[in-house]
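One letter stands for each residue in the lines below.
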Amino acid sequence: MQAITKRNLMLGGAALAATLARPALAQAMDVAIIGFQMSSETHARAANAAAAAARAKGWNATVLNSEGSLPRHAEQLDTLIGRRPKAIIVCMGKPVEAEAQFQRAKAANVPVITIMSGASNDTLFDIQVNEYEVGAKAALWLLGELGYQGNILTQRFEGNVGTRIRGKVLDVVLSENTGVRVLGTHTMARTASWRDDVRQGFQALLLRHGAQTQGIWASFDGQAFVIDDLLKVRGAKKGQVKFVSIDGGAETYRRIADPDSTLMATVTIPFEEMGTKAVDAAERIVVKGEPKGAITSGPYLFMDAALVDGNNVRRFL
Amino acid sequence: MIRRTLARYGTALAGVALFAFFALGSPVFLTPDNIALILKETAFLGILAIGFTLALVTAEIDLSIAEVASLAAVVTGALVHGGTNPWIAVGAGLVVGTLCGAANGVAVTVLNVPSLIATLGVAAIAKGFSFMLTQGVAFVGRWPASFTNLARGTLLGVPNLIWWLAGVGFAAWLLVKWTRLGAHLVATGEADEAARLAGIRTRSMKRLALTLAGACAGLTAVLLASSLSSAAPAMANDHFLYAIAAVLLGMSMFEPGRPNIPGTLFAAFTLKVLGNGLVLLGAEYYWQDIVLGTIILVSVALSATGTGKAPFVKKLNFRR
Numbered sequence: 001m002q003a004i005t006k007r008n009l010m011l012g013g014a015a016l017a018a019t020l021a022r023p024a025l026a027q028a029m030d031v032a033i034i035g036f037q038m039s040s041e042t043h044a045r046a047a048n049a050a051a052a053a054a055r056a057k058g059w060n061a062t063v064l065n066s067e068g069s070l071p072r073h074a075e076q077l078d079t080l081i082g083r084r085p086k087a088i089i090v091c092m093g094k095p096v097e098a099e100a101q102f103q104r105a106k107a108a109n110v111p112v113i114t115i116m117s118g119a120s121n122d123t124l125f126d127i128q129v130n131e132y133e134v135g136a137k138a139a140l141w142l143l144g145e146l147g148y149q150g151n152i153l154t155q156r157f158e159g160n161v162g163t164r165i166r167g168k169v170l171d172v173v174l175s176e177n178t179g180v181r182v183l184g185t186h187t188m189a190r191t192a193s194w195r196d197d198v199r200q201g202f203q204a205l206l207l208r209h210g211a212q213t214q215g216i217w218a219s220f221d222g223q224a225f226v227i228d229d230l231l232k233v234r235g236a237k238k239g240q241v242k243f244v245s246i247d248g249g250a251e252t253y254r255r256i257a258d259p260d261s262t263l264m265a266t267v268t269i270p271f272e273e274m275g276t277k278a279v280d281a282a283e284r285i286v287v288k289g290e291p292k293g294a295i296t297s298g299p300y301l302f303m304d305a306a307l308v309d310g311n312n313v314r315r316f317l
Numbered sequence: 001m002i003r004r005t006l007a008r009y010g011t012a013l014a015g016v017a018l019f020a021f022f023a024l025g026s027p028v029f030l031t032p033d034n035i036a037l038i039l040k041e042t043a044f045l046g047i048l049a050i051g052f053t054l055a056l057v058t059a060e061i062d063l064s065i066a067e068v069a070s071l072a073a074v075v076t077g078a079l080v081h082g083g084t085n086p087w088i089a090v091g092a093g094l095v096v097g098t099l100c101g102a103a104n105g106v107a108v109t110v111l112n113v114p115s116l117i118a119t120l121g122v123a124a125i126a127k128g129f130s131f132m133l134t135q136g137v138a139f140v141g142r143w144p145a146s147f148t149n150l151a152r153g154t155l156l157g158v159p160n161l162i163w164w165l166a167g168v169g170f171a172a173w174l175l176v177k178w179t180r181l182g183a184h185l186v187a188t189g190e191a192d193e194a195a196r197l198a199g200i201r202t203r204s205m206k207r208l209a210l211t212l213a214g215a216c217a218g219l220t221a222v223l224l225a226s227s228l229s230s231a232a233p234a235m236a237n238d239h240f241l242y243a244i245a246a247v248l249l250g251m252s253m254f255e256p257g258r259p260n261i262p263g264t265l266f267a268a269f270t271l272k273v274l275g276n277g278l279v280l281l282g283a284e285y286y287w288q289d290i291v292l293g294t295i296i297l298v299s300v301a302l303s304a305t306g307t308g309k310a311p312f313v314k315k316l317n318f319r320r
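Sequence lines, in order, name chains Y and R. Going letter by letter, the first sequence gives residues 1 to 317 in the numbering used here. Going letter by letter, the second sequence gives residues 1 to 320 in the numbering used here.
Each pair of labels, with its calculated beta carbon distance range: (1) Y:Tyr300 / R:Thr31: 33 to 41 Å; (2) R:Thr5 / Y:Arg284: 51 to 59 Å; (3) R:Leu156 / Y:Glu133: 51 to 59 Å; (4) R:Val158 / Y:Glu251: 51 to 59 Å; (5) R:Leu297 / Y:Tyr300: 44 to 52 Å.
Calculated from the model, a selection of chain Y residues having no Cβ within reach of chain R, i.e. all distances over 10 Å: (6) Ala52; (7) Tyr148; (8) Gln149; (9) Leu174; (10) Ser193; (11) Gly210; (12) Gln214; (13) Lys237; (14) Gly289; (15) Leu307.
Hints in this document: simulated from the structure, not taken from any laboratory. Being a predicted model, the structure only gives us computed values, none of them experimental. Even glycine gets a Cβ: it sits at the ideal position worked out from N, Cα and C.
With the hints as constraints, model all of the structure from the sequences given.
Put into structure tokens, the structure is as follows:
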């Protein structure tokens, strides 16, 4: 027991010592990056890209994970403000809930740039794509492919503001195009075991409505992968069912290009570019002393979200 | 002598060493603002963990504390968001927490459902109600200062959250250590049958402990909603494992093997020191989990003999 205890103590000590041995934070540009839920691929993509971009400039970058918890998010912001980094980048944060922390940051002259979080008077700006536009692109692609007639199934997720907006925009588009009917909808309820949830729920939808379905809409690509696998097991071929999703990424592009996959299109959100853009903006404002207005005049820095389908997927592979 | 001191105070000393380590490593760590920040953050975890400790004193485990706190926060948030008098909203949050705790107590003592299962059931119900009330969308807004000041305000220059933590901690310690009722709670947990034969109403004690755990969850919820100006399903879930960790770590100090209020509070503070210090040192997020796990293993290993005697360990047949 004594040996184990000593070893554990030594490992813990070594880990902490390694942490301390990092280059002194005060000497280089110190930027802190918070991912609200790093187990979510999109949050991690933006945060990791920001960290990589900062390190490529020779800066010290610390990545924190709020693990999807608002209290922890607020606590991390509070602690960081005490450390006085040169800039804080928040990926998929909650500006209204963290209003008190952002106000403290502003008072302490710590600039905060957010990514896909929503704007706040106390941050510089929010880098994002227009989710309403993203939703409209996906919905219109689907309806266009269907010739504005047919039956569709939808896979939704109401627990995230982005996916919720995409679903609401789909409803608006459908309300103007009554030739397309929603035969069934599954709404993801569980977040920890969401793949299982989607698999079970959509399998039931396919059993009931599969033969009458001409189109499928999924609120994010992870759901689409699960549905794609279900459709392949049922023997579906690409193009038999018009299938669109949203987010983009290497695996999505691979499936769109793969003739054996049923996924046909996505609207790609440039998460990596957003992370890089945040670091570039921090450099221009903090290091070069440029005013915020030189980067964007409003509360947002909008980025393009391209529609990717069989026609242009090669450019993304 | 050294061995006994290590078993009794080893974890506390490790906590002090950790504190000293961060004080040496970061010039910001010992500033009054940062110490106040750590104490404020300890309030949420500490109050929730005190509830868990009280249940554990009677050898019952309350796995519903986080979901109950989330539901109570949602109810409080919904009312404040809807323009209800904030004091009524606060009362409603406390009542929801207390009623859920009482439901746990009834399930355990009247329906004879083991607390491990009963509290899991209540947690699932609370989670369902949270989503029913919110439809998954958080209540967020710029709420009245009379409400947000409960957590964000100060009294005599000291943040209110620290007063709340001190008040609840002192009341719980007083109850367990210095009242007849507290002695009955402890006796129920340590020797249920003997206590019953001695005339102690053990079922009532268990109901009371679980109800108090619910009340603590309700108070945590109100303070969380007040602090964050928002309420959402699962918003307190992050505290769940940390609360259990705080109680288990607390059982490895002061009164080894026994759930005790000072131990829980010190452990909760140590866990928050750990999170704060690692962020100040610029450590990546995964180090926090690695170091936390290591500290739990080392601390519990140091006083393993004591923990092996813990009433709940015996009850669950977790014998070494």
